[in-house]
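J.: Sequence:
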Amino acid sequence: MLKRWLCAAMAALLVVCSAGCGQKPDDEAEPANAGPSSSESSEEPEEDLLVIYSPLPQEVLEAAVSGFEAETGVEVETVRDSVDQLIGRISAQGDKPQADLLFGGGAEVVRQFEDLFTPYETEESEALDPLFTADDNLYTPLTPMPIVLMYSKEQTTRAPAGWTALVNSAYNGWIAFADPSKSGTSYTALCVMDQSPDTGEDYVERFAENLDGKMCSSIAEVYARLADGTFAAGVTLENSVQKYLEAGYENAVGVSYPQEGTTAAVEVSAVVKGAPHEELAQQFIDYVSGEEFQKKLTGQFELRTARSDLDDPEGLTPRSEIKFIEYSVPAAVDGRAALLERFAAAEKPEDASSASEAQP
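In terms of mature numbering (1 follows the signal peptide of the UniProt record, and there is no 0), the sequence shown is residues -21 to -1, 1 to 339.
Don't take every hint at face value.
Below, in silico cross-link-like pairs of lysine-lysine (BS3-like), each with a Cα-Cα straight-line distance of 30 Å or less [said to hold, decoys possible]:
| no. | residue 1 | residue 2 |
| --- | --- | --- |
| 1 | K161 | K193 |
| 2 | K161 | K302 |
| 3 | K327 | K132 |
| 4 | K132 | K161 |
| 5 | K193 | K222 |
| 6 | K75 | K252 |
| 7 | K193 | K327 |
| 8 | K327 | K161 |
| 9 | K302 | K275 |
| 10 | K252 | K222 |
| 11 | K252 | K161 |
| 12 | K193 | K302 |
| 13 | K302 | K132 |
| 14 | K222 | K274 |
| 15 | K132 | K222 |
| 16 | K161 | K222 |
| 17 | K302 | K222 |
Pair by pair, the computed Cβ-Cβ distance ranges are [said to hold, decoys possible]:
| no. | residue 1 | residue 2 | range |
| --- | --- | --- | --- |
| 18 | G227 | E41 | 24 to 34 Å |
| 19 | P98 | S45 | 26 to 36 Å |
| 20 | Q134 | G278 | 30 to 40 Å |
Since the hints were made in silico from the structure, they are not lab data.
Here the structure is a predicted model, which means the values were calculated and not measured.
Every residue gets a Cβ at the ideal spot worked out from N, C-alpha and C, and that includes glycine.
Taking the hints into account, I'd like the entire structure generated from these sequences.
T.: What follows is the structure, encoded as structure tokens:
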């Protein structure tokens, strides 16, 4: 009982603290420094005030803003909210945007709403890892968070080697996976399964069937249920597993990087189309893409860097040892409805569950 309570507490902490996918829970939906709303669009923007919309954790946002202000002397105003709310604001403001920059949020989100943003090639572009950049420079990567397999050491004696393991009958009903229609992490993982050349054309259907009707309500439930031993393996973000390991769960859970290949959920920055202070927004992107701030991400916040010339935080698996597929963000966005339909059609309802009673 105590173990389950500790896992639930840890999951709640991760929801608040994690930078995963640029999302915040509903109870944190109030912006930190509410800027002008769409109803104030008739007001002229201040000449030298950079307005940033961001879903990132407050401490990361503050570190970026304070460093930029100190280096440039430019005043910054921030509005912090969930990425869905921020996209809604930008869209509602139409051709009179109040924001200059979206700082944080997934690459897929920016691609989905690409009409709201304008491309910019940062002066740091040559140092950025091409795995995570956009061919058309619609967005600039900030930090990548690999999609990984998390497993329960209580329920399995060995780490699942990759995606293929999760369609083995031994894992039937033992997989923790959040609803991909609601979880950005799970949907990205589903796209990896579908885009990987080593999984097979019908992998998504086989995986959905092997869930045996059991699906977690959120990504937070995935790592909580793995930590308390309810499930044997699951799909989540690397930084979520790392938080558990750092909190003393190294004997309860482990991490595995799919041998067939994976991708990363990438936090990005993007210049708002028609931004009142487009040049200042570009300067900010240059700053957060630069060596100084990227070192702060890895050192102070233990996040991976978007740069190829810097090392990731100590204790994380070296990037060179992780197999990344050629992941297509446009394909993930354009094919969303069809992929989710395939998944839903193959998934079993929970009342038809026939989970394996044996541990994997």
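J.: Take the hints in turn and mark each one as holding or not.
T.: For each hint, the structure was consulted:
no.	hint	result
1	K161 - K193	holds, 15 Å
2	K161 - K302	holds, 26 Å
3	K327 - K132	holds, 27 Å
4	K132 - K161	holds, 28 Å
5	K193 - K222	holds, 25 Å
6	K75 - K252	holds, 10 Å
7	K193 - K327	holds, 8 Å
8	K327 - K161	holds, 18 Å
9	K302 - K275	holds, 26 Å
10	K252 - K222	violated, 36 Å
11	K252 - K161	holds, 27 Å
12	K193 - K302	holds, 29 Å
13	K302 - K132	holds, 24 Å
14	K222 - K274	holds, 20 Å
15	K132 - K222	holds, 16 Å
16	K161 - K222	holds, 23 Å
17	K302 - K222	holds, 22 Å
18	G227 - E41: 24 to 34 Å	holds, 28 Å
19	P98 - S45: 26 to 36 Å	holds, 27 Å
20	Q134 - G278: 30 to 40 Å	holds, 35 Å
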